[in-house]
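Novice: The listed protein sequences correspond, in order, to chains A and B.
When we follow my numbering, the leftmost residue of the first sequence carries the number 193, and every step to the right adds one.
When we follow my numbering, the leftmost residue of the second sequence carries the number 193, and every step to the right adds one.
A couple of the hints might just be wrong.
Unchecked claim - To be clear about the criterion: a stretch of chain A counts as covered by chain B if any three or more of its residues have a C-beta under 8 Å from a C-beta of chain B, and this derived list gives those stretches:
| id | segment |
| --- | --- |
| 1 | 420 to 428 |
| 2 | 466 to 477 |
Stated by the list, open to error - Once the Cα atoms are required to be at most 27 Å apart in a straight line, the calculated DSS-like pairs of lysine-lysine come out as:
| id | chain 1 | residue 1 | chain 2 | residue 2 |
| --- | --- | --- | --- | --- |
| 3 | A | K388 | A | K258 |
| 4 | B | K209 | A | K199 |
| 5 | B | K269 | B | K199 |
| 6 | B | K233 | B | K211 |
| 7 | B | K520 | A | K283 |
| 8 | B | K211 | A | K199 |
| 9 | A | K388 | B | K199 |
| 10 | B | K233 | A | K199 |
| 11 | A | K262 | A | K364 |
Just so you know, the hints here were simulated from the structure itself, not pulled from any lab data.
Remember, predicted model here, so these are calculated numbers, not experimental data.
Just so it is clear, CB atoms sit at the ideal spot from N, CA and C, and this is done for glycine as well.
Spelled out, the chains give:
2 protein chains.
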Amino acid sequence: MSEITVKIPAVPAGSYKIKIGSGFLAKLWQQINSDFNRRNKFIITDENLDKTGHLQTLLGKNDVPKFVIKPAGEISKNINTVIAIMEAMEKASLGRDTLVVGLGGGTVGDIAGFAAAIFKRGVPVIHIPTTTVAQADSAIGGKTGVDSSLSKNAFGAFRHPAAVYIDVATLKTLGDREYRAGLVESVKHALIADAKYFDFIEKNIGAILARENDALEKLAVHNCEIKAAVVEADPTEKNQRRILNYGHTIGHAVESVSGYELLHGEAVAIGIIAAGLIEKELGLADETRLERVRRVFSRLSMPVSLPSKISRKSLLETISRDKKAVNKWPPFVLTEKIGQVHRQNGNWAVEVKQEVVEKILDLLK
Amino acid sequence: MSEITVKIPAVPAGSYKIKIGSGFLAKLWQQINSDFNRRNKFIITDENLDKTGHLQTLLGKNDVPKFVIKPAGEISKNINTVIAIMEAMEKASLGRDTLVVGLGGGTVGDIAGFAAAIFKRGVPVIHIPTTTVAQADSAIGGKTGVDSSLSKNAFGAFRHPAAVYIDVATLKTLGDREYRAGLVESVKHALIADAKYFDFIEKNIGAILARENDALEKLAVHNCEIKAAVVEADPTEKNQRRILNYGHTIGHAVESVSGYELLHGEAVAIGIIAAGLIEKELGLADETRLERVRRVFSRLSMPVSLPSKISRKSLLETISRDKKAVNKWPPFVLTEKIGQVHRQNGNWAVEVKQEVVEKILDLLK
């Protein structure tokens with residue numbers, strides 16, 4: 193028996209830029225051409241960006257090969273859409289020197305990132321997120337993927353973007369419900385990492401809801417700084433990155449059991465309130481803190497209790513199938529004060545007994 | 193305009209082992225369970241491994257979830273096979289703690305590596321290659337992928353295996369034509385990297401063709417050492433790794449124009465002779481060297497001239513569409529002596545004028 197060792201060289205540290213401003217979409221293509229001048233470009237977007245005119249604003253008179261996902265939304269986030277995109281890229285005679293440009297919300301970003309990750313064994317991608325949730329969360333961090341018929345993000349890859357361009361003015365065409373639900377990820381960032389940011393959201397919620405550029409830019413900067421710091425510390429979600437899952441363990445279950453009638457942010461708002469109730473039950477939080485969070489979500493028109501048709505039994509079953517579950521029960525991310533995650537023995541997600549969760553689900557009714 | 197820099201941490205160097213022997217397949221599952229004891233296993237193989245009994249030898253009485261690709265071969269190397277595999281993995285309730293085991297030839301390895309790369313954003317894969325070409329070449333180096341309707345390996349990822357187990361005894365059930373064609377990659381390795389290895393092949397070609405364990409083990413060790421060294425120096429094919437493409441620029445074109453009637457190794461043998469003729473034309477080689485290579489290929493029953501129905505015009509068109517082409521003409525890997533690639537200005541693939549290639553294609557008739 194012979195044995196040969198193959199060495200895999202280290203990959204050096206790298207970085208990418210997030211550029212944040214308002215109203216620069218019409219000049220952005222020129223900037224992208226200057227930042228990535230030696231690459232062919234291919235745009236992946238969806239019909240919403242066509243309808244709102246953002247695609248036209250971005251491109252101006254430039255003729256660029258593109259794929260417009262129809263219909264927009266989670267329903268198209270599957271491998272068939274990716275295959276159609278890859279074939280369109282091949283028909284456009286694109287090679288390894290291609291730059292994929294994702295323009296749109298979280299679904300577009302997840303699809304574009306995944307298509308870039310597997311086209312000709314990987315080409316770079318840049319994101320131009322245009323929704324509150326994509327600008328706060330999904331465009332940064334390198335998670336890409338599409339759903340299978342059985343589960344969400346069943347197929348995917350970790351792939352950091354080469355750049356992210358956030359024009360907060362694109363948020364102005366967003367529907368009210370989607371706009372507000374996307375802000376829940378901003379509240380989550382404040383709760384897990386930055387008490388002053390939570391103060392900022394409380395004080396400026398009127399300007400945020402009025403979509404004032406200045407408030408939106410500050411929001412985007414805070415979100416990106418927090419998410420970037422967490423992702424840097426743990427890019428492939430071994431431990432610390434799990435704090436981004438705050439409110440998501442119960443939130444994902446609520447979203448799923450609602451049959452996706454609740455938007456992701458709406459379900460996560462309920463999940464964050466549930467986490468707050470667990471914290472109170474375990475002596476980590478008092479009623480005053482929980483009330484501050486409830487008040488912010490109420491201003492955002494988010495639900496803060498369980499819809500009556502969602503049963504405790506279905507929720508518990510769904511939680512036990514969580515992909516982070518060990519022995520059919522997942523660990524939970526909890527905070528010990530606003531801006532500070534509670535750690536136990538170096539773990540950022542901790543054990544919470546099922547009976548505690550059962551009790552707070554009753555309180556959530 | 194604000195700007196935030198997201199740092200991407202370095203990935204430390206790693207390594208994996210290639211274990212080479214003969215007749216250890218029946219004990220291998222125990223070894224794999226010991227090497228990767230904390231992981232669920234999922235086997236990807238094809239119907240040939242079922243027919244030859246190698247799958248049964250590997251598994252013994254162990255019941256392991258698996259996917260058997262039908263029909264075997266390049267025709268199944270497409271995204272639909274990957275989707276079917278992913279769904280089978282999901283139905284087996286497998287998560288991120290899964291180890292994918294690829295048992296088979298190059299096609300199985302490419303598919304298994306790619307499925308592992310994208311399942312739940314990536315799980316580890318180990319390879320048990322069972323053909324001359326997979327043991328010499330495709331199991332090592334981390335290239336994975338499947339074909340689209342338009343081109344080969346259109347979708348894929350770089351993903352190093354966690355281990356490779358080479359049992360040369362599995363080669364004994366291989367059909368004669370496939371067995372011999374796979375040896376061309378061994379000759380290629382000798383030509384680009386190791387003159388003494390070329391001497392070994394010349395002297396032991398009888399034992400190799402008789403599939404004697406001792407000769408086959410030495411062959412596997414040489415191949416893996418050479419391929420490992422090249423891949424270590426340039427894992428994502430920026431420059432030096434291109435030397436593995438020796439004979440492949442014209443070889444791929446011959447394979448494609450033949451409508452895949454020629455096996456990959458047969459087409460590459462013609463491509464290596466073509467490279468030799470170019471070397472002679474450019475004063476890098478003499479007739480004696482070329483004759484040694486021709487003699488080895490003749491012993492392997494490989495073609496050393498172009499089949500009459502392959503036209504020069506179709507070949508030139510196909511070469512100009514090579515994926516490494518710049519301005520519709522690819523660079524060529526050439527040797528300056530046996531075991532030594534010819535470099536120009538630090539480049540391992542060099543410019544060869546189209547008229548030179550046209551001339552040698554006429555000589556190849």
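Novice: If a hint holds in the structure, say so; if it does not, say that too.
Specialist: Against the structure, the hints come out as follows:
no.: 1; hint: 420 to 428; result: holds (count 4)
no.: 2; hint: 466 to 477; result: violated (count 0)
no.: 3; hint: A:K388 to A:K258; result: violated (42 Å)
no.: 4; hint: B:K209 to A:K199; result: holds (9 Å)
no.: 5; hint: B:K269 to B:K199; result: violated (37 Å)
no.: 6; hint: B:K233 to B:K211; result: holds (19 Å)
no.: 7; hint: B:K520 to A:K283; result: holds (17 Å)
no.: 8; hint: B:K211 to A:K199; result: holds (14 Å)
no.: 9; hint: A:K388 to B:K199; result: holds (24 Å)
no.: 10; hint: B:K233 to A:K199; result: holds (24 Å)
no.: 11; hint: A:K262 to A:K364; result: holds (22 Å)
Taken one by one, the earlier hints fail for this structure at numbers 2, 3, 5, listed in ascending order.
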